[in-house]
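Start from the sequences and build out the full structure, keeping to the hints where you can.
Below are the chains, spelled out letter by letter.
Number of protein chains: 2
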Amino acid sequence: MIPLILIVALIAGIISIGMALYFRKLVLKEDPGNERMVEVSGYIEKGAKTYIKIQYKVLAIFVAVLFVVILLFLPSELTGGALPLAVGDLNWEQAMAYAIGALGSMVAGYLGMYVGVKANTRAAQGCTVGTKKGFDIAFFGGSVMGLAVVGVALIGVSIIIWVFQTPIVVLGFSFGASSIALFMKCGGGIYTKTADVGADLVGKAEYNLPEDDPRNPATIADNVGDNVGDIAGMGSDLFDSYVASIVAAMLLAAALVIGDAQGYFVVYPLVICGVGLIASLIGIFLIKWKGSEDPGKSLNLGTYLATVIFAGLGAIFSLLMTIGLDPIYISKVWSNYWAVLLGLASGLVIGFTSDYFTRDDKKPTRNMAYAAQEGDAVVILSGFAYGLISVVPPAIGIVIAMFLAYILDGVFGVAMAAVGMLAIVGTIVSNDAYGPIVDNARSIAEQGELGDEIIRTADRLDSAGNTAKAITKGFAIGAANLTVLALLFSYTEEAGITLAGINLLDIRVLIGAFIGVVVPALFSALLVLAVQRNAAKMVDEIRRQFEENPKILKGEEAADFSRTIDIATKGSLKELILPSIISIVIPIVVGILFGVAGLGAFLAGAILSGFVFAVFMSNAGGAWDNAKKWIEDGNLGGKGTDTHKAAITGDTVGDPFKDTAGPSINTLLVVMSLTASIFMGLLLLFNGGAGLFVL
Amino acid sequence: MIPLILIVALIAGIISIGMALYFRKLVLKEDPGNERMVEVSGYIEKGAKTYIKIQYKVLAIFVAVLFVVILLFLPSELTGGALPLAVGDLNWEQAMAYAIGALGSMVAGYLGMYVGVKANTRAAQGCTVGTKKGFDIAFFGGSVMGLAVVGVALIGVSIIIWVFQTPIVVLGFSFGASSIALFMKCGGGIYTKTADVGADLVGKAEYNLPEDDPRNPATIADNVGDNVGDIAGMGSDLFDSYVASIVAAMLLAAALVIGDAQGYFVVYPLVICGVGLIASLIGIFLIKWKGSEDPGKSLNLGTYLATVIFAGLGAIFSLLMTIGLDPIYISKVWSNYWAVLLGLASGLVIGFTSDYFTRDDKKPTRNMAYAAQEGDAVVILSGFAYGLISVVPPAIGIVIAMFLAYILDGVFGVAMAAVGMLAIVGTIVSNDAYGPIVDNARSIAEQGELGDEIIRTADRLDSAGNTAKAITKGFAIGAANLTVLALLFSYTEEAGITLAGINLLDIRVLIGAFIGVVVPALFSALLVLAVQRNAAKMVDEIRRQFEENPKILKGEEAADFSRTIDIATKGSLKELILPSIISIVIPIVVGILFGVAGLGAFLAGAILSGFVFAVFMSNAGGAWDNAKKWIEDGNLGGKGTDTHKAAITGDTVGDPFKDTAGPSINTLLVVMSLTASIFMGLLLLFNGGAGLFVL
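Residue numbers (the numbering used here), protein chains in the order written: chain R, 452 to 1146; chain X, 452 to 1146.
Calculated directly from the structure, the hints in this document are not laboratory data. Backbone N, C-alpha and C define an ideal beta-carbon position, used for all residues, glycine too. Just to be clear, a hint being listed does not mean it is correct.
So, partial list: chain X residues that the calculated Cβ filter (under 7 Å) puts toward chain R [claimed, not checked]:
1. Leu-771
2. Leu-839
3. Ile-953
4. Phe-965
5. Ala-976
6. Ala-987
7. Leu-1059
8. Thr-1100
9. Val-1104
In the SDA-like style, the derived pairs of lysine to any residue whose C-alpha atoms are separated by at most 20 Å in a straight line are [stated by the list, open to error]:
10. Lys-1096(X) x Gln-824(R)
11. Lys-655(R) x Lys-1096(X)
12. Lys-1090(X) x Leu-660(X)
13. Lys-988(X) x Lys-1090(R)
14. Lys-584(X) x Leu-660(X)
15. Lys-1080(R) x Gln-824(R)
16. Lys-655(R) x Asp-482(X)
17. Lys-1096(X) x Tyr-658(R)
18. Lys-583(X) x Lys-741(X)
19. Lys-814(R) x Lys-1005(R)
20. Lys-988(X) x Gln-824(R)
21. Lys-988(X) x Asn-818(R)
22. Lys-480(X) x Glu-496(X)
23. Lys-988(R) x Arg-817(X)
24. Lys-1096(R) x Lys-655(X)
25. Lys-584(R) x Phe-736(R)
26. Lys-1005(R) x Tyr-658(R)
27. Lys-655(X) x Gln-824(R)
28. Lys-1090(R) x Asn-818(R)
29. Lys-1096(X) x His-1095(R)
30. Lys-814(X) x Leu-977(R)
Per the computed footprint, the stretches of chain X lying under chain R, defined by three or more beta-carbons under 8 Å from a beta-carbon of chain R, are [stated by the list, open to error]:
31. 645–657
32. 750–762
33. 825–834
34. 845–856
35. 1016–1028
Pasting the structure below:
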């Protein structure tokens, strides 16, 4: 049933892991710099590993529990094959796939983060040689994460679909990846902002210490946070969207295409992703070979190259796909090839609008900086308003992409557009992971006293990272959104409710939508509150250290970094319990009470309102950050003015928006969508899926 | 067809107007206080009248244009009776009703505001006699607004339904009321916060002037804002929800009940509202007769009394309704009586949860005050998070009310629950209008130098007003939400799409919902930006006056109030153009492109996300305000500390949230829902209502 062309994805995945290991070696053999730098880097590595160790312990228990739940309750035991897509008794298979998916996500995250904490000091030292050297080390360090994520995903999905011949088992794999991503993203996001906000509130605002000052007890925790939040968290987030987009398309192919051609369309998303990975790899190599003194240009060049190569290779492999295919399906392949390109193009458009709304040379951020002149409240109001307005262009982008893809090939076309948007995710994650590495490198250059010129070089690298991050973040949100829309369609196919539909005039459906719209708001609020609460503890600890030991401020004694790391670690793990429960329990409860149609509307409501909150929070946060940086560059009076202070307030408010709550919503949506699909068997127990409240 | 019992509503309306005129006389004969007070009050009156004059001129043009549009395009000319509810050729009738509704809203707003600006100085002077005297004047001043609103609405609706015998014409009346409300609410909201934020930013933050200091050039504009935003704006907002809830229920009765009983159910909402008005009147009289030294208790007593009396009278009149009714419909009357009580009870619950989330003796506001100790950014984060969390309880309240009402009598039950929630709106508006009157009274007492003791008395009245306002605001949002849900159902009945349904799996429906969810976010952003932009102009003007004429600050010369009033007036009118266009044009465009089902989903999406934004913004703003006041009462160090400064930042951010954007969303939703119904004839031209994009 599954055609051999699938091997493209498997081979691409294996090459990718090979390249990740090769880049790891390249990075590790670089000079880690002076003694102080190695010491600082060692602290960061130790902090990150401590966090990951505790986090993975908790996750192991969580995975074990869900493994048993899946084994006992889902889906086939309960329904006895009532699911349209269920092939026999798949509980064991799905539970195993779940565990493998979870493990894969953990391994990819660990590998990426391990190289990240090694690359930072080496990139800092590289800056002493030149911009290009520093850039290369950071970029290849970041690529390890990007390639590991994509490689693990493609190998996992290819093998599972080959062995079990049904995407239902891949659903388990995807759920495993997502449930880990939820913890990694929320936990990492809370961690990084607890440290960052805490460090800023006391260090910058009360003691006028510069950013990354080694006397600040939270500096190392802040650096650790960049690694656990922005590298491991973002990596597992995109791992999760990536796998989910593939499984959504696979499920739809299995549901909608009949006969021999089914297998071709089931593996088509995998082939496209394999091709995307090859294109990303070529792009990365071209950057290494060609290079540029301008790091921002190099990053963008990689993205453009990957896009163009992908479009070409995609056409070739789509042509290969048509060999042996029933001729009546050939036009379907080409329709979906166009849907894929459409998805990719709209992903780029969304990325670049995020960029527009957060660049300091464009109107929104510039106006926010001017607003800072009127005081703290005005810069907040301005950022709030522009953040909300920035939702409109990507919403239009998604709507157009969805509509055209639907015209091309219905819901399968929409799913393939999501796959297309995520096809070059190897490049996206690499660019993204580059950011925290150079951020850390800058901090280590400061703490290792490499001098002003080297710090300025590191600053240039860092600034390119920030721009890349704005684009990739927009991209990630757009891709996740289109993916969950595809998951919504595959969910409804699975539930067999396409005939009856999800009718908003059915009161239970309307109630489902109502609850769905509220959940992302509640989820964002809980994460912001978590950061605020933990940052307050961090502030108390920093103040305590400065007050009890005045030598710390004088730079005569080292601050106690382990205490601040401990606060960030424990706080973030504790605070993510409630949000995680929400994301799994609420969909199940809604499904039981209001039926599968009500749950479908719940998902739709959550997807749409989640999109608004995710884009708003990410862009407002990014713009506040850049408005502050622009003022720090000497504009509107520069550092130390009241305008600067107001801008810092904006930045501090924006921190948990853009790095905790905003990007976590993606994962929330994917987890909720997959929960709905996975627990379908349970829901069918209640009046055959009509829910407890049949009117 | 229309039974005689309708006369209850007409008589209640006439009594209400009579009482409003009587209370007006009572207020006007009170002592307006010393010369300085009369002078200040005169400035406020002049400012308010100037604003209203310009506003009404603009509105006259707007109404004239829409009058012609309705006449030429809607609905019957185009469809030739294709509408299920259209009775013959109603264009002229609907256009006339539209103009009358607009005029009614303008008259009610003007009358309320006129008495408001007269009552403020008299209430201040009343405080020199005692708390009860001051309370009485302010309360009766506020009642004029409450009674005028309800009276005009009931008389208008009763006469129109009697003359034309079809609720389709009442729809025109409702649309007239709503389009005025949109301008009054948005314009007033921008005006009041332009002045308030501007006055605070310069006066409080830069020159350390106290609130309402007469030297501040924006003080009078701030007072004017209370009248045009909080009295006239809030009045027209509730006028609009009130009429809309009645018309939604009437339309559903006309669509769902067949035969002789139809007329009974068409007038049942009017009868319930008439009974509610009588209950409100009795409540107001009992407060006058009994009174209390504690103004907060008096206000709540009035609400409780009105509720209890309403429940009793409602039962009696429901019994009267059943006389002459076909016996098979008798149980339907009682089901809807219970739906009405359910709506009222849930309205109170929603009001009291708003109260919980904004009271300074409860956890959320208290925690926000503590967060202010960590700085400006933390108090913002805390308020943002609690504001979002506060969405959950009222959402559950609405969901339960909607579900139970639906079980009682389907969509008509839901519509009657909305009517029930708004039945005692006379009391609600009276309590609400009391707030700005005592707020102004306090300011006039300060400017008229009545001494500390009198100001403290006025402060006590003001504080009761703030609590009442939190409750009524929650109430208004809940009522508007249930009303627009009822309008959604009546829209779908009218469109005849109940059979096909609004299926979220239809891509055009999903796109409609997507756009709908985004619109309230965009709308909020535009209003917040409008306030921010105008407040900046106000800040410049205040600074200019202080710098060019140092005698102003010394209190030797009066500031130039006319300039600040001019900025607020012109700015608010200019800034509401874009939001108004959005609210009317976007629904029509969505309906043309994606059909009536897509437009239905658009409305549903907007209603749900609008609910989230409205509750979030109102409650966050209220809580920030009260956290600041609690600190000003001497807690956490009191006035002048950094904690206090941070709390002021929170309050300033909250100002446009709670008084501009948050409450305006109600009106947006009602206008969009009515636009959809009114322009149905136009939409049916495009592939019979399937929209341009038929797939």
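Structure-based check of all given hints:
| no. | hint | in the structure |
| --- | --- | --- |
| 1 | Leu-771 | 30 Å, violated |
| 2 | Leu-839 | 4 Å, holds |
| 3 | Ile-953 | 4 Å, holds |
| 4 | Phe-965 | 5 Å, holds |
| 5 | Ala-976 | 4 Å, holds |
| 6 | Ala-987 | 6 Å, holds |
| 7 | Leu-1059 | 4 Å, holds |
| 8 | Thr-1100 | 4 Å, holds |
| 9 | Val-1104 | 5 Å, holds |
| 10 | Lys-1096(X) x Gln-824(R) | 16 Å, holds |
| 11 | Lys-655(R) x Lys-1096(X) | 18 Å, holds |
| 12 | Lys-1090(X) x Leu-660(X) | 12 Å, holds |
| 13 | Lys-988(X) x Lys-1090(R) | 25 Å, violated |
| 14 | Lys-584(X) x Leu-660(X) | 30 Å, violated |
| 15 | Lys-1080(R) x Gln-824(R) | 15 Å, holds |
| 16 | Lys-655(R) x Asp-482(X) | 56 Å, violated |
| 17 | Lys-1096(X) x Tyr-658(R) | 19 Å, holds |
| 18 | Lys-583(X) x Lys-741(X) | 11 Å, holds |
| 19 | Lys-814(R) x Lys-1005(R) | 42 Å, violated |
| 20 | Lys-988(X) x Gln-824(R) | 13 Å, holds |
| 21 | Lys-988(X) x Asn-818(R) | 14 Å, holds |
| 22 | Lys-480(X) x Glu-496(X) | 17 Å, holds |
| 23 | Lys-988(R) x Arg-817(X) | 18 Å, holds |
| 24 | Lys-1096(R) x Lys-655(X) | 18 Å, holds |
| 25 | Lys-584(R) x Phe-736(R) | 15 Å, holds |
| 26 | Lys-1005(R) x Tyr-658(R) | 12 Å, holds |
| 27 | Lys-655(X) x Gln-824(R) | 16 Å, holds |
| 28 | Lys-1090(R) x Asn-818(R) | 18 Å, holds |
| 29 | Lys-1096(X) x His-1095(R) | 17 Å, holds |
| 30 | Lys-814(X) x Leu-977(R) | 15 Å, holds |
| 31 | 645–657 | holds (count 3) |
| 32 | 750–762 | violated (count 0) |
| 33 | 825–834 | holds (count 8) |
| 34 | 845–856 | holds (count 5) |
| 35 | 1016–1028 | violated (count 0) |
Consistency note: the structure conflicts with the earlier hints numbered 1, 13, 14, 16, 19, 32 and 35.
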